[in-house]
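Enquirer: Sequence:
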Amino acid sequence: MSVTVRVPAKVNVQLAVGAARPDGFHALANVFLAVGLYDEITVTPADELRVTCDGPDADQVPLDRTNLAARAAQALAERYGRSPDVHLHIAKDIPVAGGMAGGSADGAGALVACDALWQTGAPRDELLEICAELGSDVPFSLVGGAALGIGRGEQLTPLEVGGTFHWVFAMARRGLSTPAVFREFDRLGEGTDIPEPVASGELLAALAKGDPDALAAAVSNDLQPAALSLFPELAGTLAAGRAAGALTALVSGSGPTTAFLVRDPESAAAVAQALLASGTCRTVRTASGPAPGATVAGR
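Each residue of the sequence shown is one higher than the one before, counting from 1 in the UniProt record's numbering.
Hints listed in this document are in silico derivations from the structure and should not be mistaken for laboratory results.
Idealized CB from N, CA, C, for every residue including glycine.
There's no promise every hint is true.
Said to hold, decoys possible - Distance ranges between label pairs, derived from CB positions: (1) Arg282 with Ser2: 30 to 36 Å; (2) Arg82 with Thr283: 39 to 45 Å; (3) Thr120 with Gly36: 27 to 33 Å; (4) Met1 with Pro292: 21 to 27 Å; (5) Val198 with Pro62: 31 to 37 Å; (6) Asp211 with Met1: 44 to 50 Å; (7) Arg79 with Ala277: 48 to 54 Å.
Could you build all of it, start to finish, from the sequences and the hints given here?
Expert: Quick look at the structure:
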């Protein structure tokens, strides 16, 4: 028997970042939107825990027990007093190291898949608690849709979305380290008064109405200046997408993927083509959201 779970990527339509906390994390007001790019995690009984991966940039995915999918299997097994002897196969389609929560998606997917395979019957609150232990973005990968994450992003409140939003994502030619981007955020903000992060009322209203123009006017990412400081070439990608007609452009999360909100699928195709022709990115993908969270796709 095996279980396959499909898990979406995410884009941060708002990422408000507070000052560093004593524990080293930053307080966040993080508005997540799940989008229709998916990894699939298949879990099969095995003699020992092992991880395999295929798909774009699969060679960049760790296959040891540091992989979030492996850590999720171990965490659930420990709670239920069993051995995590499974083969975890990741069919990768979410960009790797791209600020779209691909690793977090794999952790959430493995957790749901192992729960189904082992028939542990873990309550959803317990699964979310394990997700939060694994990483700040992992709970949202389980939930999907749209949500406001506070704390370090793991404390979620579901949000209403009144329509479909269309996106183009441009993948950069190299990666960016999330810890490095947060360190640069701290460096750039040194000596300034960093306000407590709060969600934008205008942005939440735009999501609820399904209004792409209002959403375009309200998106923001406090990590974008830090990402651009470390990776200045991203400014050219953002400019190329805007010139091609995107309603707005921003760095997704800590980057280096850049995200372009467009009006409809036809606009998405045009912006994607222009971005590729600009030579400022490695590849592009189109997707829409909201998308469902971790879902069992097959047994």
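Enquirer: Please flag the earlier hints that this structure goes against, numbers listed from lowest up.
Expert: No numbers; nothing is violated.
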